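Please take these sequences and the hints and turn them into a complete structure.
Chain residues, written in single-letter form:
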Amino acid sequence: MTYRASYIAELVGGRLVGEDVEVSSIRGYHEAGPDDITFVLDASLLSKPTDAKVVIAPDGVEGVEGKSLILVKNPLEAAVVVANLFYREEFGEGISERAVVYPGAKISEGVVIREFAVVEDGVELGRNVVVMPYVYIGRDSVIGDGTVLFPGVVIYPGTVVGKRCRIHAGAVIGADGFGYFEKSGKRIKIPQIGRVVIGDDVEIGANTCIDRATFGETVIGDGTKIDNLVQIGHNVKVGRDCAFAGQVGISGSVVVGDRVLMGGQAGIADHAVIGSDVKVAAKAGVFGRVRDGEAIVGAPAMPAPRWKRIQAIINRLPEMYQLFKRLKRRG
Amino acid sequence: MTYRASYIAELVGGRLVGEDVEVSSIRGYHEAGPDDITFVLDASLLSKPTDAKVVIAPDGVEGVEGKSLILVKNPLEAAVVVANLFYREEFGEGISERAVVYPGAKISEGVVIREFAVVEDGVELGRNVVVMPYVYIGRDSVIGDGTVLFPGVVIYPGTVVGKRCRIHAGAVIGADGFGYFEKSGKRIKIPQIGRVVIGDDVEIGANTCIDRATFGETVIGDGTKIDNLVQIGHNVKVGRDCAFAGQVGISGSVVVGDRVLMGGQAGIADHAVIGSDVKVAAKAGVFGRVRDGEAIVGAPAMPAPRWKRIQAIINRLPEMYQLFKRLKRRG
Amino acid sequence: MTYRASYIAELVGGRLVGEDVEVSSIRGYHEAGPDDITFVLDASLLSKPTDAKVVIAPDGVEGVEGKSLILVKNPLEAAVVVANLFYREEFGEGISERAVVYPGAKISEGVVIREFAVVEDGVELGRNVVVMPYVYIGRDSVIGDGTVLFPGVVIYPGTVVGKRCRIHAGAVIGADGFGYFEKSGKRIKIPQIGRVVIGDDVEIGANTCIDRATFGETVIGDGTKIDNLVQIGHNVKVGRDCAFAGQVGISGSVVVGDRVLMGGQAGIADHAVIGSDVKVAAKAGVFGRVRDGEAIVGAPAMPAPRWKRIQAIINRLPEMYQLFKRLKRRG
Numbered sequence: 006m007t008y009r010a011s012y013i014a015e016l017v018g019g020r021l022v023g024e025d026v027e028v029s030s031i032r033g034y035h036e037a038g039p040d041d042i043t044f045v046l047d048a049s050l051l052s053k054p055t056d057a058k059v060v061i062a063p064d065g066v067e068g069v070e071g072k073s074l075i076l077v078k079n080p081l082e083a084a085v086v087v088a089n090l091f092y093r094e095e096f097g098e099g100i101s102e103r104a105v106v107y108p109g110a111k112i113s114e115g116v117v118i119r120e121f122a123v124v125e126d127g128v129e130l131g132r133n134v135v136v137m138p139y140v141y142i143g144r145d146s147v148i149g150d151g152t153v154l155f156p157g158v159v160i161y162p163g164t165v166v167g168k169r170c171r172i173h174a175g176a177v178i179g180a181d182g183f184g185y186f187e188k189s190g191k192r193i194k195i196p197q198i199g200r201v202v203i204g205d206d207v208e209i210g211a212n213t214c215i216d217r218a219t220f221g222e223t224v225i226g227d228g229t230k231i232d233n234l235v236q237i238g239h240n241v242k243v244g245r246d247c248a249f250a251g252q253v254g255i256s257g258s259v260v261v262g263d264r265v266l267m268g269g270q271a272g273i274a275d276h277a278v279i280g281s282d283v284k285v286a287a288k289a290g291v292f293g294r295v296r297d298g299e300a301i302v303g304a305p306a307m308p309a310p311r312w313k314r315i316q317a318i319i320n321r322l323p324e325m326y327q328l329f330k331r332l333k334r335r336g
Numbered sequence: 006m007t008y009r010a011s012y013i014a015e016l017v018g019g020r021l022v023g024e025d026v027e028v029s030s031i032r033g034y035h036e037a038g039p040d041d042i043t044f045v046l047d048a049s050l051l052s053k054p055t056d057a058k059v060v061i062a063p064d065g066v067e068g069v070e071g072k073s074l075i076l077v078k079n080p081l082e083a084a085v086v087v088a089n090l091f092y093r094e095e096f097g098e099g100i101s102e103r104a105v106v107y108p109g110a111k112i113s114e115g116v117v118i119r120e121f122a123v124v125e126d127g128v129e130l131g132r133n134v135v136v137m138p139y140v141y142i143g144r145d146s147v148i149g150d151g152t153v154l155f156p157g158v159v160i161y162p163g164t165v166v167g168k169r170c171r172i173h174a175g176a177v178i179g180a181d182g183f184g185y186f187e188k189s190g191k192r193i194k195i196p197q198i199g200r201v202v203i204g205d206d207v208e209i210g211a212n213t214c215i216d217r218a219t220f221g222e223t224v225i226g227d228g229t230k231i232d233n234l235v236q237i238g239h240n241v242k243v244g245r246d247c248a249f250a251g252q253v254g255i256s257g258s259v260v261v262g263d264r265v266l267m268g269g270q271a272g273i274a275d276h277a278v279i280g281s282d283v284k285v286a287a288k289a290g291v292f293g294r295v296r297d298g299e300a301i302v303g304a305p306a307m308p309a310p311r312w313k314r315i316q317a318i319i320n321r322l323p324e325m326y327q328l329f330k331r332l333k334r335r336g
Numbered sequence: 006m007t008y009r010a011s012y013i014a015e016l017v018g019g020r021l022v023g024e025d026v027e028v029s030s031i032r033g034y035h036e037a038g039p040d041d042i043t044f045v046l047d048a049s050l051l052s053k054p055t056d057a058k059v060v061i062a063p064d065g066v067e068g069v070e071g072k073s074l075i076l077v078k079n080p081l082e083a084a085v086v087v088a089n090l091f092y093r094e095e096f097g098e099g100i101s102e103r104a105v106v107y108p109g110a111k112i113s114e115g116v117v118i119r120e121f122a123v124v125e126d127g128v129e130l131g132r133n134v135v136v137m138p139y140v141y142i143g144r145d146s147v148i149g150d151g152t153v154l155f156p157g158v159v160i161y162p163g164t165v166v167g168k169r170c171r172i173h174a175g176a177v178i179g180a181d182g183f184g185y186f187e188k189s190g191k192r193i194k195i196p197q198i199g200r201v202v203i204g205d206d207v208e209i210g211a212n213t214c215i216d217r218a219t220f221g222e223t224v225i226g227d228g229t230k231i232d233n234l235v236q237i238g239h240n241v242k243v244g245r246d247c248a249f250a251g252q253v254g255i256s257g258s259v260v261v262g263d264r265v266l267m268g269g270q271a272g273i274a275d276h277a278v279i280g281s282d283v284k285v286a287a288k289a290g291v292f293g294r295v296r297d298g299e300a301i302v303g304a305p306a307m308p309a310p311r312w313k314r315i316q317a318i319i320n321r322l323p324e325m326y327q328l329f330k331r332l333k334r335r336g
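Chains as they are written, first to last, in my numbering: chain Z, 6 to 336; chain R, 6 to 336; chain X, 6 to 336.
Since the hints were derived computationally from the structure, they do not count as laboratory data. A couple of the hints might just be wrong.
Where chain R lies over chain X, by a calculated footprint (3+ residues, C-beta under 8 angstroms) [what the hints assert, rightly or not]:
hint, region
1, 111 to 123
2, 149 to 158
3, 161 to 172
4, 210 to 224
The structure displayed is predicted, hence computed values, not measured ones. A virtual CB, placed ideally from N, CA and C, is assigned to each residue, including glycine.
What follows is the structure, encoded as structure tokens:
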């Protein structure tokens, strides 16, 4: 499928400068070929070569020899619109005869259930839900309209997933929390009889694990995005519109506010309480309470300005140590 | 199913104070509804409101207006008994016609094999083993009585799993260890021909990986509990009754004693030797030898008291640096 | 199957000293039984007891009472040859009737497709590719000759995998990169329309995730070995013959040279550029640029000699602090 530059300019609310050529795909600036449209966030990149015929660029940019430009206020936003134009995921259609859907499951209109999926009794699938191969949906779980479960996702019994979620391959939702009590040196299992409740518009990365609550609920708020290989323990409550990068670990009973960002491999100790709009740096180790709006760094984590200060001094420790030795000799 | 408070009191060896009402579920103190039983570990929580009709509380607590109390020595232990009363996992029954069980496999009485499981030749499944969908059991593996393999577990050939284990969704037991030798800048694979041997009463979290030994065995001792997304390398020997939190990483050939606790994201370098009753803090990085009973913190890890001391000084570095600058100026 | 010591000596280009006995397996020095062959890398180990009848040892070693020795230049390399003699993986044969292969897929000679695999339209499988149960191969993916996909591997659409790769159970190749832009406090998804391209002779560990590029390609070079539970973000470019240990995390758009080694749980921040022949220590946190050949340690990472220097001083902080307090009192 190809589209004319003028059609795309109109679609993204931009202004076409140059020839009204056709493009068949969108690619990155350096990788684009002659049939591609590409984009720059910053006008200065335009001085470097690209093979793309058409470039989406920020308003105010001047024409470039031999290229058609589409000038917009926000090139990234426009690029997303164009990407969605060219790229359509295909999941297949209907309910495969090779899937197993137990009779007590309620299946809405437009649902896709692929080969070798298992949908247990009491499950409710909303409209247009996509269940790819090897997806297991345990009893009495509810999956909201338009949610896509990629291959190999495992949903333990009693889980609730909202609308328009994307749960990537191998993610496990609702496995037992890690709860034991000690009795004469043995660990006795505390049955994990709570559940997981996931809001709308949540994306969950490949092989990420979100444990069911001991009693009550583990909750992920609307709009929160979670990367691959993230661990979220039992009874954790995460607010709305957060983003957690790869390999983040959140221990049991942690409370996280709204719009919290966590860098890769950050870890949150159990029972910590993180306010809203907090930024947790990659690899940070967080304990206790973090106030709204703070940016924290390090393990143990501290406010970013303090961390930078201390880190700068650590870098000068060799120099301090020289003085220390001299002073010590003097006694 | 509902139970009378008097029945529950007798079951947990407690004393009922108040009306002999019926309850239908157990939930956390703040989440409980009017048909629930709940529990408090600490009597002071009773001053806060709950909708639960019945509360399990520690001996010595006085009656609470409008609530029935069940007084016991250990409320958590009683709550576990009650949770097991209300919560019964259902795995299905019998051997599905949609599973593949090779003729050379030995299947004991009471085994459940669900749709799309694959049990290879030479496998032995003990009594009442549960094999959920998409579980793959490689040749000549042995699974002990009462063990549950949740959906998507992969057992590589030749693995031995003990009795009453729970292996959660997506866990991979017995994949190749990470072993190569270098030859002219290339890495040549050392075939990993050992196996994994897991004791009795072991729980293994979702998407956790335990690698087979190069030669010989990777061993997990009886009663050890392992959380989600944990990595255990080839030839590791773990003792009894340990507990490893989420995202712990144990490199090849590490030896771990009994009753060792590891916090989330802790990492153990290859060939380290960890004694018994050691406590490894979250995010610690451990090298070399750790003596029995030590608590270690930090990366590189050190004994907890020393770590606290040094951390306290690091927090005073800005102040030390001021003095350093003044002294330096003086020369 | 048993082999004579003389046959093995010839196979590995070594010299047999002692009786020409038969052995039936290879095991580690301490675990070996009387029918086994074993090996030592270092002659001094020979003073310790082993039950093995035959020992592969380095040239120059003298005879050991009651053992047959096979003397070679490189005992590890010889042991690998012997291990490959005794150990043959069995994957089954042919294309299972219980697998689903869409008509548009191209299947070469010698391919094994096991039960419950799904091969979508447009996929190309090279000669002797092995597709184990629950492997999902998305549309238009290409898998090179001799590659083995272990149970539960998920290949998203459009992925390219080279020849002779081994991708272990539960690995997910080509899931969406973690890319969003913010608009009034919400995160809007940037469609991830690029792909993953994996070279020849790559090994990928269990439950490891390699994300597709936003636009363009995520690339893993020939001969690179990746351990379990590793996260590789979108648009990452990794060179040849690298080795990444368990739980390494590489953020989006990172560039890694050739022959780079990364220790367990190391993390690389987005857009970092790592030269060739770099050694990244376990748990390191890497930002910015790292020059060819550097060894880096710590979080934030620094050159190893500098890190050792600073770490040594941190260990003397208590002593420095004593002096600091004394000097401060003096004013």
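Verification of the supplied hints:
1. Counting residues of the region 111 to 123 of chain X whose beta carbon lies closer than 8 angstroms to any beta carbon of chain R gives 3, which meets the minimum of three for the stated coverage.
2. Residues of the region 149 to 158 of chain X with a Cβ under 8 angstroms from some Cβ of chain R number 3, which satisfies the need for three, so the listed coverage holds.
3. Closer than 8 angstroms: that is the beta-carbon criterion, and the region 161 to 172 of chain X has 1 residues meeting it against chain R, so the requirement of 3 is violated.
4. With 3 residues having a Cβ less than 8 angstroms from any Cβ of chain R, the region 210 to 224 of chain X passes the three-residue criterion, so the hint holds.
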